[in-house]
Amino acid sequence: MKKNLNKVLALTLAFTVVGSTAAYAEVMKGETTATPVPISADADAQAEASAYISNTGKITEVADTEDGNKVFTMDNENGGLRFVVAPTTTIVDRETGSVITADKLTEGMEVAVIYGANAPMGMSIPPYMGQVTTVVANADKGSISVGHFNDDLLNEKDLLQLNISEKTTILTTLGTKSILSADDVKGKDAVVFYDITTRSIPAQTTPSLVLLLEEREAVTEVAVDTKSIEAPEMVALRDAAEAKGYSVKWQGKTAPVVLEKDGMTAQITLGSTTYVVEGDMAMTSAAAAELTDGVLYVSADVVENLK
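In the working numbering, the protein residues as written are 67 to 373.
Among the hints, erroneous ones may be present.
Think about it this way: if two alpha-carbon atoms lie no more than 20 Å apart in a straight line, the pair counts; the simulated SDA-like pairs of lysine to any residue are [stated by the list, open to error]:
| id | residue 1 | residue 2 |
| --- | --- | --- |
| 1 | K136 | Q197 |
| 2 | K136 | T155 |
| 3 | K319 | A297 |
| 4 | K315 | A297 |
| 5 | K207 | A168 |
| 6 | K252 | E280 |
| 7 | K327 | D359 |
| 8 | K373 | G318 |
| 9 | K315 | V343 |
| 10 | K124 | D169 |
| 11 | K310 | E326 |
| 12 | K315 | L336 |
| 13 | K254 | Q227 |
| 14 | K254 | K124 |
| 15 | K315 | S365 |
| 16 | K136 | T122 |
| 17 | K254 | S266 |
| 18 | K327 | A302 |
| 19 | K319 | E281 |
| 20 | K136 | G182 |
| 21 | K136 | L171 |
| 22 | K373 | K319 |
| 23 | K310 | L362 |
| 24 | K254 | K373 |
| 25 | K315 | V361 |
| 26 | K170 | S190 |
| 27 | K327 | K124 |
| 28 | K373 | E281 |
| 29 | K124 | K207 |
| 30 | K207 | P153 |
| 31 | K124 | N184 |
| 32 | K136 | A117 |
| 33 | K327 | K254 |
Source of the hints: derived by calculation from the structure; they are not laboratory data.
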């Protein structure tokens, strides 16, 4: 009986080793799937969060504005979104991997809209967003991942690891013409275009396109006689808003300051010239909101637009 038990244990061990080896071999062969395999929550918590959000839906309406921008309305299960596309907005076609213009975005097209996680958003239905960072056209034509990639090229959101190859195109939203490499992706927020991933943990992929998400810096110099141009008047937001009957809610440096009065709201973000009034109307101020000695200052025109 003891000998039979030993044989059973030996066979069990043998099958365990063979099964493990086969599973390992399957990963090494690069067998693929379109769905990344998640890893532990602890690893997810340790990764640096992306500064951008992706929102996907189908375009239902397109409108032109007097200043040359376009306003798009898209529908999805989360309530949809209205957003502004300016001439400086980067638009990439997921199907071809090429940069396109706003006139190529048409009703019925599936798009992915990418914008800052702390960008002000109007409280209308659907919510109103000012100028977005990037739009991906034909977003349903392949897999897209938006997130922050660390020095190992691992994305904290989808737990997706990149294997950059010579066939991978790397671009930036700033339109740089320099040749970029895998090192330029490390520590950056990016949109990744890919088709298949390995079943390994974390899932790995060789992307066809990586688009680095980089905001344009505010222009500080202009080719005009600046002596004749006065700097905008800056006022303390809390004092000015409370004088008009608004309550002021400070939510930290990375979240908008919320003003409320008789059901009306306004949102002002530190370091941004875009602010939202009446809950759903995005406007541009003469100067970005700034924090000095613990006091938030805004240009006087912001306060003037508060009813």
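We went through each hint and held it up to the structure:
1. K136 - Q197: 10 Å, holds
2. K136 - T155: 11 Å, holds
3. K319 - A297: 24 Å, violated
4. K315 - A297: This hinted pair is violated, its Cα atoms lying about 27 Å apart.
5. K207 - A168: 18 Å, holds
6. K252 - E280: 13 Å, holds
7. K327 - D359: Measuring from Cα to Cα gives roughly 26 Å; hence the hint is violated.
8. K373 - G318: 25 Å, violated
9. K315 - V343: 15 Å, holds
10. K124 - D169: Given pair K124, D169 holds - Cα atoms ~16 Å apart, limit 20 Å.
11. K310 - E326: Distance ~11 Å between K310 and E326 Cα, so the pair holds.
12. K315 - L336: Distance of about 13 Å is within 20 Å: holds.
13. K254 - Q227: With a Cα-Cα distance of about 13 Å, the restraint between K254 and Q227 holds, given a limit of 20 Å.
14. K254 - K124: Violated: K254 and K124 sit about 28 Å apart, past 20 Å.
15. K315 - S365: Measuring from Cα to Cα gives roughly 18 Å; hence the hint holds.
16. K136 - T122: Distance of about 18 Å is within 20 Å: holds.
17. K254 - S266: 23 Å, violated
18. K327 - A302: Measuring from Cα to Cα gives roughly 18 Å; hence the hint holds.
19. K319 - E281: Within the cut-off at roughly 18 Å; holds.
20. K136 - G182: 19 Å, holds
21. K136 - L171: Between K136 and L171 the Cα gap is close to 10 Å, so the pair holds against 20 Å.
22. K373 - K319: 25 Å, violated
23. K310 - L362: 17 Å, holds
24. K254 - K373: 41 Å, violated
25. K315 - V361: 13 Å, holds
26. K170 - S190: Roughly 26 Å between the alpha carbons, so the hint for K170 and S190 is violated.
27. K327 - K124: 35 Å, violated
28. K373 - E281: 32 Å, violated
29. K124 - K207: Holds, at roughly 13 Å.
30. K207 - P153: Distance of about 24 Å is beyond 20 Å: violated.
31. K124 - N184: Not OK: K124 and N184 at ~23 Å, beyond 20 Å, violated.
32. K136 - A117: 24 Å, violated
33. K327 - K254: The hint is violated at about 39 Å.
Comparing the model with each earlier hint shows violations of hints 3, 4, 7, 8, 14, 17, 22, 24, 26, 27, 28, 30, 31, 32, 33; every other hint is respected.
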